[in-house]
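Enquirer: The listed protein sequences correspond, in order, to chains A and C.
The opening position of the first sequence corresponds to residue 14 in our numbering, with each subsequent residue numbered one higher.
The opening position of the second sequence corresponds to residue 218 in our numbering, with each subsequent residue numbered one higher.
Where hints are given, some of them may not hold.
Taking lysine-lysine pairs in the BS3-like style, the calculated list, with each CA pair at most 25 angstroms apart, reads [as the list claims (entries may be wrong)]:
(1) C:Lys-259 with C:Lys-249
(2) A:Lys-296 with C:Lys-472
(3) A:Lys-253 with A:Lys-75
(4) C:Lys-661 with A:Lys-105
(5) A:Lys-313 with C:Lys-368
(6) A:Lys-162 with C:Lys-661
(7) A:Lys-97 with C:Lys-639
(8) C:Lys-368 with A:Lys-162
(9) A:Lys-253 with A:Lys-299
(10) C:Lys-574 with C:Lys-543
(11) A:Lys-75 with A:Lys-48
(12) A:Lys-313 with C:Lys-377
Which residues of chain C face chain A? A partial, calculated answer using Cβ under 10 angstroms [stated by the list, open to error]:
(13) Ala-357
(14) Gly-375
(15) Ile-474
(16) Gln-475
(17) Ile-659
(18) Thr-663
(19) Ala-668
(20) Asn-674
(21) Tyr-676
(22) Pro-681
(23) Gly-687
(24) Gly-692
(25) Arg-695
(26) Gly-698
In case anyone wonders, no lab produced these hints; they're calculated from the structure.
In this text, a Cβ means the ideal position worked out from N, Cα and C, and glycines have one as well.
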Amino acid sequence: MDKNTKEETIKKAASNGVSVNGSGKANSERLKVLKTYKLYIDGKFPRTESGHYFVFKDGQGKNVANMCHGSRKDFRDAVVAARKAQQGWADKSAYNRGQILYRMAEVLEGRSEQFVAELQWSGLSAREASLQVEQSIDRLIHYAGWTDKFIQLFSSVNPVESSHFNFSVPEPTGVVAAIAPPASGLLGLISVIAPIIAGGNTCVVLAPEGAPAPAISFAEVLHSSDLPAGVVNLITGFEKELAGHFSLHMDVNAVWYCGNVAEHAKLVQTNAADNVKRAIITKDIKWNSAQGQSPYFIMKFQEIKTTWHPIGF
Amino acid sequence: MKKKKDNNVTLNFDTDWSYAPAPESTGNIKLKDKYDHFINGKFVAPSSGKYFETINPSTEAKLAMVADANAADVDKAVKAARTAYDNVWSKMKPSERAKYIYRIARMMQERARELSIVESMDGGKPIRESRDIDIPLAAAHFFYYAGWADKLEFAFPGRKAQSLGVAGQIIPWNFPLLMAAWKIAPALAAGNTVVLKPAETTPLTALLLAEIMQDAGLPAGVVNIVTGAGATGAAIVNHPGIHKIAFTGSTDVGKKIQRALAGTDKKYTLELGGKAANIIFEDAAIDQAVEGIINGIFFNQGHVCCAGSRLFVQESVAPKVIRKLKDRIETLIVGSPLDKNTDIGAINSKMQLNKIKELVKIGVDEGGEMWQSSCALPKKGYWFRPTLFTGVAQSSRIVQEEIFGPVLAIQTFRTVDEAIEKANNTPYGLSGGVWTDKGSRIFKVTSNLKAGVVWANTYNKFDPTSPFGGYKESGVGREGGLHGLDAYLQAME
Numbered sequence: 014m015d016k017n018t019k020e021e022t023i024k025k026a027a028s029n030g031v032s033v034n035g036s037g038k039a040n041s042e043r044l045k046v047l048k049t050y051k052l053y054i055d056g057k058f059p060r061t062e063s064g065h066y067f068v069f070k071d072g073q074g075k076n077v078a079n080m081c082h083g084s085r086k087d088f089r090d091a092v093v094a095a096r097k098a099q100q101g102w103a104d105k106s107a108y109n110r111g112q113i114l115y116r117m118a119e120v121l122e123g124r125s126e127q128f129v130a131e132l133q134w135s136g137l138s139a140r141e142a143s144l145q146v147e148q149s150i151d152r153l154i155h156y157a158g159w160t161d162k163f164i165q166l167f168s169s170v171n172p173v174e175s176s177h178f179n180f181s182v183p184e185p186t187g188v189v190a191a192i193a194p195p196a197s198g199l200l201g202l203i204s205v206i207a208p209i210i211a212g213g214n215t216c217v218v219l220a221p222e223g224a225p226a227p228a229i230s231f232a233e234v235l236h237s238s239d240l241p242a243g244v245v246n247l248i249t250g251f252e253k254e255l256a257g258h259f260s261l262h263m264d265v266n267a268v269w270y271c272g273n274v275a276e277h278a279k280l281v282q283t284n285a286a287d288n289v290k291r292a293i294i295t296k297d298i299k300w301n302s303a304q305g306q307s308p309y310f311i312m313k314f315q316e317i318k319t320t321w322h323p324i325g326f
Numbered sequence: 218m219k220k221k222k223d224n225n226v227t228l229n230f231d232t233d234w235s236y237a238p239a240p241e242s243t244g245n246i247k248l249k250d251k252y253d254h255f256i257n258g259k260f261v262a263p264s265s266g267k268y269f270e271t272i273n274p275s276t277e278a279k280l281a282m283v284a285d286a287n288a289a290d291v292d293k294a295v296k297a298a299r300t301a302y303d304n305v306w307s308k309m310k311p312s313e314r315a316k317y318i319y320r321i322a323r324m325m326q327e328r329a330r331e332l333s334i335v336e337s338m339d340g341g342k343p344i345r346e347s348r349d350i351d352i353p354l355a356a357a358h359f360f361y362y363a364g365w366a367d368k369l370e371f372a373f374p375g376r377k378a379q380s381l382g383v384a385g386q387i388i389p390w391n392f393p394l395l396m397a398a399w400k401i402a403p404a405l406a407a408g409n410t411v412v413l414k415p416a417e418t419t420p421l422t423a424l425l426l427a428e429i430m431q432d433a434g435l436p437a438g439v440v441n442i443v444t445g446a447g448a449t450g451a452a453i454v455n456h457p458g459i460h461k462i463a464f465t466g467s468t469d470v471g472k473k474i475q476r477a478l479a480g481t482d483k484k485y486t487l488e489l490g491g492k493a494a495n496i497i498f499e500d501a502a503i504d505q506a507v508e509g510i511i512n513g514i515f516f517n518q519g520h521v522c523c524a525g526s527r528l529f530v531q532e533s534v535a536p537k538v539i540r541k542l543k544d545r546i547e548t549l550i551v552g553s554p555l556d557k558n559t560d561i562g563a564i565n566s567k568m569q570l571n572k573i574k575e576l577v578k579i580g581v582d583e584g585g586e587m588w589q590s591s592c593a594l595p596k597k598g599y600w601f602r603p604t605l606f607t608g609v610a611q612s613s614r615i616v617q618e619e620i621f622g623p624v625l626a627i628q629t630f631r632t633v634d635e636a637i638e639k640a641n642n643t644p645y646g647l648s649g650g651v652w653t654d655k656g657s658r659i660f661k662v663t664s665n666l667k668a669g670v671v672w673a674n675t676y677n678k679f680d681p682t683s684p685f686g687g688y689k690e691s692g693v694g695r696e697g698g699l700h701g702l703d704a705y706l707q708a709m710e
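Just chain C, with the same shape it has in the complex:
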């Protein structure tokens, strides 16, 4: 009798599968009290004398004060970049330029642990992601583009490779160091110099990168980093000494930048918002697809422009997929970004949390059926439960608008054509996913999705060799890979 009872034991996820805390130590992290701008190879105080706070969104504790750049600071940075371009960087032998960029990659690898921890502290993302994805990928971007510096004449047939001058780069808070690498590495490889502005909520890793630039002996002024909010960005966009703008951020701001650049000869690339469709066919490997859906929408708390935020499930398997999805979501650990077991970290800022809450409320008000994980949330900091919506329409605002949080809108379809049509029914066109076991159907769907990156039977994969960027209102131009070089070279035929 006793034996038989033992065989019937069922798993209880509440008691049998709890994890002991596994916090990453912050003992080695020595943040300064305050950070200045990095201009012309030195850290210099802001001309206004103003600093702003950067906080840890998981505790709301202050991490450091950061310089606030005004137009005068930006002007100083652009002039330094111009001088460095004219006197040093554009004249340097390309193979030497390459070696500087390789050096940066290596030093980032050396300081990878530190960079990961600071990234998670400043931005709220799980250490597992910053350690395994953000930081290694950032270093890989420098390593990849370094090698292009002396091979540019092979990149575009029939064209001479000619650099542009000074590139102004404005990056978002969701992948702070990775975005800096995406922007700086190809710019330097192509022979340009840089003025970069990290996001105001996540400036710290870019400033550590500035230290690396110093340590690498990169000539003064080749990379300049100024910190601040929207006004600093506008000063960069409007500065006449800049020849190219690279922006990653919201579609709203992207449009403003595109307008501001009208009538100038500045080149630009825009990486903007998205509302990607993740399409699950009935013949897909369902358990793998469920993992893909989870990774698609909950990676980095859903603060991902290419997040698979619209799920389309073939009607025949919808109940099964949704049930498995809920079961899986219940196992996700929401908590301290520095805990190595954490799946979902803190929402990046109070502002973003409010935006998510507002859109979720609209989803409910418009008649969507909401389901949330029952997980406990920490008392302090900014948090949002993994959330699903069913019973939503194509016209629902949470189906049309980018939420940029851990919120998934689920719809169903019957035919391949219906799935494609619904997937494309959005002004965005950044990315998409398709899950099926049938090869011909994969190509049918991937070739018909109006999106710049399509993942088939996988999701949210990135690589320095792989071009990234959107169709339609998701942006202009590509970053990454061979195609990403184009944005930093002049068309000389």
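So here's chain A without its partners, still in its complex pose:
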């Protein structure tokens, strides 16, 4: 396929709404292979254990794909994977984590056309979708550069009065459960994943309800970027069903809610108290602006550790 025909196909796919996958027959001799959108847990693509699905519809109300209707059990499996991966991910050098985030950007750039197409299912114009993919790539690059810098910026050597050497450094909080911004597509998803993992945490993320398919396609990007299994786990499903479970799990250290429902935010904060999770509520952020990226997002999922040692002979 040369560049023009490819663009043509994407444009058609976007305009007829029935997806790149399903509409193949009308345009060519060959029957297209449909993609099954599954979950991403522990570096694998399992179906939901619930056996349930929901239909993801495009802006015109046409069916795009059957998505996994993620359950509490899927979430729990994902937490096990995230916990197992956490220490290893935190133990990687900051340089290495930065290269892996950079690699994610490289792979996404290479597959940008697919994401431009998939984002249009959520009602974006080709131009808007293309801009969002570009911003998503750039956001990954932004955080790739932070991995080995935020620690310097937020560490301190503390001039204590007694004869001790004393310093404070940020360390990852652990396993983070996040509900991605529901209506900010791939960019919102990446804006949540990148600061969490840049700081050495692992995560389970509820894909944006408005763009579940590109979220799962993004898992393919993660999968081919040397990101260890379990560092990022993606669930498709519904905030109203899962927000409670995301915030209750006793082996989750922090929960990040980026939805718009005040009741869900309160539920998340209430549940978080059961094991003193860090409960971060982010609202009114324009993810496609400069306020969508900051080292302070990384710092929300860091613990400051202070170490003392005597100075003497």
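Dock chain C against chain A, hints included.
Expert: Relative to chain A, chain C alone:
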């Protein structure tokens, strides 16, 4: 013959090493019969007219009556704080704000002796600790944070420094004045005003601090102090005029506060319980480590959230360490908090003593082997002997639960990985200790302990410049140092 005999004299700790009493005089201390709330720069009677007793836990004698704040009193305090914030404190030039805070530090230093004595009378801690640690550190916190007031824009890169408003602060009874300083100093430096509630068993030094605020000329309403128990605390937490809650206390209460704040925009920091591991490797300087273990668990009668209450000793040196530990414990002097020789003072309250006794009984019932100092205890007051447990498991309740008393649970380990795994096997994550002569092992262990403060070859050291706070269920946020400012500023990027 006679000469040879003399050379063989052995030390008898019972007779040769007894100390003459060295009591700190209370002659200069003039406590009032009753203390009112400090609201809007004045001492005002509680609206209910109710007062409660604060006693000396080492004698059970009444020290004074203290006002009991209800929701109306708290509301009055919050309104005073809000008015002071709007009209005075948020408008004041930061460098002037700094000078008020410096003044408070200086006046605390001037009254340090008095504050130390009252702290030991009201709380039961040895005068040696209140005199050398609590009070000087409290003053140092004001001195440290005073200097931040006009430098906030340098604290967090890329951010504007914007104060929050009124901070509600609830503090515990183990370090009464020090905790007040930890909370008030950064709040004021960042430009907030304060409503503080000291613990109901130890309100006196906070009320002396209120006098200092008055003497320093601090504008009315910038700091308000209300006294009372849990209901007063709840009224502070739930007051809609408060923008930030800072709480130090038990994990149980911390969780309740976190729940109560759900759905509000109030910021919060929680400094909660702990069950710290103190890890001794075979290559450690054993005598120093033994001192560190003693300081770790018996400092302030073990009423310390970061106390090293779980001891992990490498198997090869365990018998030696435990023997030396017992010998050292036998020399600890348990007695009057006001005696300058006292190592371990009184348990803070009858309630706390009962809690310690209950958990120790559970330790015995669950099969732990208990050993206690043979020291004599005073007849009156609340006391508990320094206590060790061996033969306990990871699952033992006295290994999992915070006792908040002079009780140490001892376990052994063989490898570094085993020590780290056992140390982290707790819902808490406040602090930890490691003792070894090998530098690389220090960093291996300190970087793997899931705890906010780690002491290597030392223990229980504190400093205003040094951030303090926990991982996991030991709390949220940090207090102290540069990082402690974050809790009192808005995120304006």
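Enquirer: May I ask which of the numbered hints given earlier this structure violates, with the numbers listed in increasing order?
Expert: none
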